[in-house]
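**Q** Read off the chains here:
Number of protein chains: 4
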Amino acid sequence: MIDNQRLAAALRSFAAERDWDQFHTPKNLATSISVEASELLELFLWSRGQKGWEEIATTPIRTKVEDELADILLALIRFADKAEIDLQSVAEIKLAANARKYPAEKFRGSDRKYDE
Amino acid sequence: MIDNQRLAAALRSFAAERDWDQFHTPKNLATSISVEASELLELFLWSRGQKGWEEIATTPIRTKVEDELADILLALIRFADKAEIDLQSVAEIKLAANARKYPAEKFRGSDRKYDE
Amino acid sequence: MIDNQRLAAALRSFAAERDWDQFHTPKNLATSISVEASELLELFLWSRGQKGWEEIATTPIRTKVEDELADILLALIRFADKAEIDLQSVAEIKLAANARKYPAEKFRGSDRKYDE
Amino acid sequence: MIDNQRLAAALRSFAAERDWDQFHTPKNLATSISVEASELLELFLWSRGQKGWEEIATTPIRTKVEDELADILLALIRFADKAEIDLQSVAEIKLAANARKYPAEKFRGSDRKYDE
Numbered sequence: 002m003i004d005n006q007r008l009a010a011a012l013r014s015f016a017a018e019r020d021w022d023q024f025h026t027p028k029n030l031a032t033s034i035s036v037e038a039s040e041l042l043e044l045f046l047w048s049r050g051q052k053g054w055e056e057i058a059t060t061p062i063r064t065k066v067e068d069e070l071a072d073i074l075l076a077l078i079r080f081a082d083k084a085e086i087d088l089q090s091v092a093e094i095k096l097a098a099n100a101r102k103y104p105a106e107k108f109r110g111s112d113r114k115y116d117e
Numbered sequence: 002m003i004d005n006q007r008l009a010a011a012l013r014s015f016a017a018e019r020d021w022d023q024f025h026t027p028k029n030l031a032t033s034i035s036v037e038a039s040e041l042l043e044l045f046l047w048s049r050g051q052k053g054w055e056e057i058a059t060t061p062i063r064t065k066v067e068d069e070l071a072d073i074l075l076a077l078i079r080f081a082d083k084a085e086i087d088l089q090s091v092a093e094i095k096l097a098a099n100a101r102k103y104p105a106e107k108f109r110g111s112d113r114k115y116d117e
Numbered sequence: 002m003i004d005n006q007r008l009a010a011a012l013r014s015f016a017a018e019r020d021w022d023q024f025h026t027p028k029n030l031a032t033s034i035s036v037e038a039s040e041l042l043e044l045f046l047w048s049r050g051q052k053g054w055e056e057i058a059t060t061p062i063r064t065k066v067e068d069e070l071a072d073i074l075l076a077l078i079r080f081a082d083k084a085e086i087d088l089q090s091v092a093e094i095k096l097a098a099n100a101r102k103y104p105a106e107k108f109r110g111s112d113r114k115y116d117e
Numbered sequence: 002m003i004d005n006q007r008l009a010a011a012l013r014s015f016a017a018e019r020d021w022d023q024f025h026t027p028k029n030l031a032t033s034i035s036v037e038a039s040e041l042l043e044l045f046l047w048s049r050g051q052k053g054w055e056e057i058a059t060t061p062i063r064t065k066v067e068d069e070l071a072d073i074l075l076a077l078i079r080f081a082d083k084a085e086i087d088l089q090s091v092a093e094i095k096l097a098a099n100a101r102k103y104p105a106e107k108f109r110g111s112d113r114k115y116d117e
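Heads up: the protein sequence lines correspond to chains A, B, C and D, in order.
With the first sequence counted from 1, adding 1 to any position gets you our numbering.
With the second sequence counted from 1, adding 1 to any position gets you our numbering.
With the third sequence counted from 1, adding 1 to any position gets you our numbering.
With the fourth sequence counted from 1, adding 1 to any position gets you our numbering.
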């Protein structure tokens, strides 16, 4: 479980205590998510696909990965809180839409979705 | 609450049914999070900061925002699942680190953090 | 003038001397452009649109901006060189396409293009 | 050669005719470069490194790649023009800095630069 209410409340207090709410516009928080996501991606910048899940199980890269995932999640929860969007609910809707969009029998083993 | 175990399990089945697990390398999933985050950002591309939270409360932009937030969350949960990282736990650790890094009394009302 | 032939040749020698050509796949160079672009964006992360061109005319931010612009340009030139794409030519084609897509009389003073 | 003066002048007229200069703040143009770079990256999203330069030599992906490279270059030139930064000059400086930072004899054949 991700207790996003609890995390959102903590982020709300954090911003209030520093008077940072003024900076938390939709565009700025969207920029923040994007910049944090790019920092995660940078950890794999020159990898030619050879870096697998077992290789990121060990430090120091694991610590960096955890750090970036946390940044992305917190920025995402802050955005959703300000926008009053229920993340679980929109994720469920998207899962159902994806199942309709990519029928298993049609897309099995194919990367057509990806590269078409 | 975000039931990330449930969402991760659904994503696991989704990938297995389509034999897409082979595409879900660390680099590819990191790319996916970044590309989805950029699609959210694109909704605010030319906004000069004038677009506030009340303006994204209405459709059609709200639907687009929800859609992109869902994509980001699902890609993030899929990455964390493959990497066996507990998102709630790393988020809590990060919150505590941020509180130490930006003492309220020192950073109040200031955007120094942001721009230096 | 940007002497992209000269810069591309320098980048070719640079990669050859270090045996780095193997890392310069389409995906990796595209990732590189994106990551560098995000580093430029990060310089303006929390700005509420109040940061204008005069403010980035002064150091230290100017030096950082120059550094990131250089990184983006070099990655872009390296990609185009490997792909054998003439940047001037595709830019001219795009300019003409944009002029047709956004007729001045229809889009004047409007940010409709941007936010629709 | 990239005639960036000519392209910058065309972009200046283009913005003036539509009264779009008001949208071209540092942050917005940086966002624009980043979003365009992400659209290039998206073309290689699920590729496992197997997509090589010969594969992007053919349409339709070549046309898309050309289109995205053009968008990135134009946004970059527009930013540099507004900031009064000489792209050729900063690129030369960066090339020299990279040569010092990554001595060939030390980094040959190694992806150490990339992954640590």
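It is possible that some hints are incorrect.
[What the hints assert, rightly or not] Result set (DMTMM-like, lysine to aspartate or glutamate): computed pairs, CA atoms no more than 20 Å apart in a straight line:
1. 95/D with 82/D
2. 65/B with 93/A
3. 83/B with 40/A
4. 83/B with 22/B
5. 107/B with 40/A
6. 83/C with 55/D
7. 102/D with 22/C
8. 65/C with 93/A
9. 102/C with 82/D
10. 52/B with 22/D
11. 83/D with 20/D
12. 65/B with 40/B
13. 107/A with 18/B
14. 52/A with 18/B
15. 65/B with 82/A
16. 83/D with 22/C
17. 65/D with 43/D
18. 102/B with 40/A
19. 102/A with 93/B
20. 52/A with 40/C
21. 107/C with 18/D
22. 102/A with 56/B
23. 102/A with 18/B
Note that these hints are calculated values from the structure, not bench results.
Treat the numbers as computed from the prediction; the structure is a model and nothing was measured.
**Q** It remains to establish, for every hint, whether it holds in the given structure.
**A** Going through the hints against the structure:
Restraint check for residue 95/D and residue 82/D: satisfied, since their Cα atoms lie roughly 19 Å apart, inside the 20 Å limit. Only pairs whose Cα atoms come within 20 Å are accepted, and residue 65/B paired with residue 93/A is accepted, the gap being roughly 15 Å. Among the hinted pairs, residue 83/B with residue 40/A is consistent with the structure: their alpha-carbon atoms are about 19 Å apart, no more than 20 Å. Proximity of residue 83/B to residue 22/B is assessed by CA-CA distance (about 10 Å); at most 20 Å being required, the pair is judged to hold.
A hinted pair counts as satisfied when its Cα atoms are at most 20 Å apart, and residue 107/B with residue 40/A does not qualify at roughly 26 Å. For the given pair, residue 83/C sits about 10 Å from residue 55/D by alpha-carbon distance, which is consistent with the 20 Å threshold. A hinted pair counts as satisfied when its Cα atoms are at most 20 Å apart, and residue 102/D with residue 22/C qualifies at roughly 18 Å. Distance restraint check for residue 65/C and residue 93/A: the Cα-Cα separation of roughly 42 Å exceeds the 20 Å cut-off, and the hinted pair is therefore not satisfied.
Proposed proximity of residue 102/C and residue 82/D is contradicted: the alpha carbons are some 23 Å apart, above 20 Å. Taking the CA atoms of residue 52/B and residue 22/D, the gap is near 18 Å; set against the 20 Å cutoff, the hint holds. Taking the CA atoms of residue 83/D and residue 20/D, the gap is near 15 Å; set against the 20 Å cutoff, the hint holds. At most 20 Å may separate the alpha-carbon atoms for a hinted pair to count; residue 65/B and residue 40/B meet this at roughly 9 Å.
Proximity of residue 107/A to residue 18/B is assessed by CA-CA distance (about 11 Å); at most 20 Å being required, the pair is judged to hold. Pair hint residue 52/A plus residue 18/B does not hold up; C-alpha atoms about 24 Å apart against a cutoff of 20 Å. For the suggested pair residue 65/B and residue 82/A, the alpha carbons sit about 16 Å apart, so the restraint of at most 20 Å is met. Our distance criterion of 20 Å between C-alpha atoms is broken by residue 83/D and residue 22/C, whose separation comes to about 34 Å.
For the given pair, residue 65/D sits about 11 Å from residue 43/D by alpha-carbon distance, which is consistent with the 20 Å threshold. Of the supplied pair hints, the one linking residue 102/B and residue 40/A holds, its CA atoms being roughly 19 Å apart against a limit of 20 Å. A threshold of 20 Å between alpha carbons decides the hint, and for residue 102/A with residue 93/B the separation of about 35 Å lies outside it, so the pair is violated. As the CA atoms of residue 52/A and residue 40/C are separated by approximately 24 Å, the hinted pair breaks the 20 Å bound.
Distance restraint check for residue 107/C and residue 18/D: the Cα-Cα separation of roughly 11 Å lies within the 20 Å cut-off, and the hinted pair is therefore satisfied. With a CA separation close to 30 Å, the supplied pair residue 102/A and residue 56/B exceeds the 20 Å bound. The suggested pairing of residue 102/A with residue 18/B holds, with an alpha-carbon distance near 14 Å, which does not exceed 20 Å.
Violation of the numbered hints given earlier is confined to hints 5, 8, 9, 14, 16, 19, 20 and 22; the remaining hints are satisfied by the structure.
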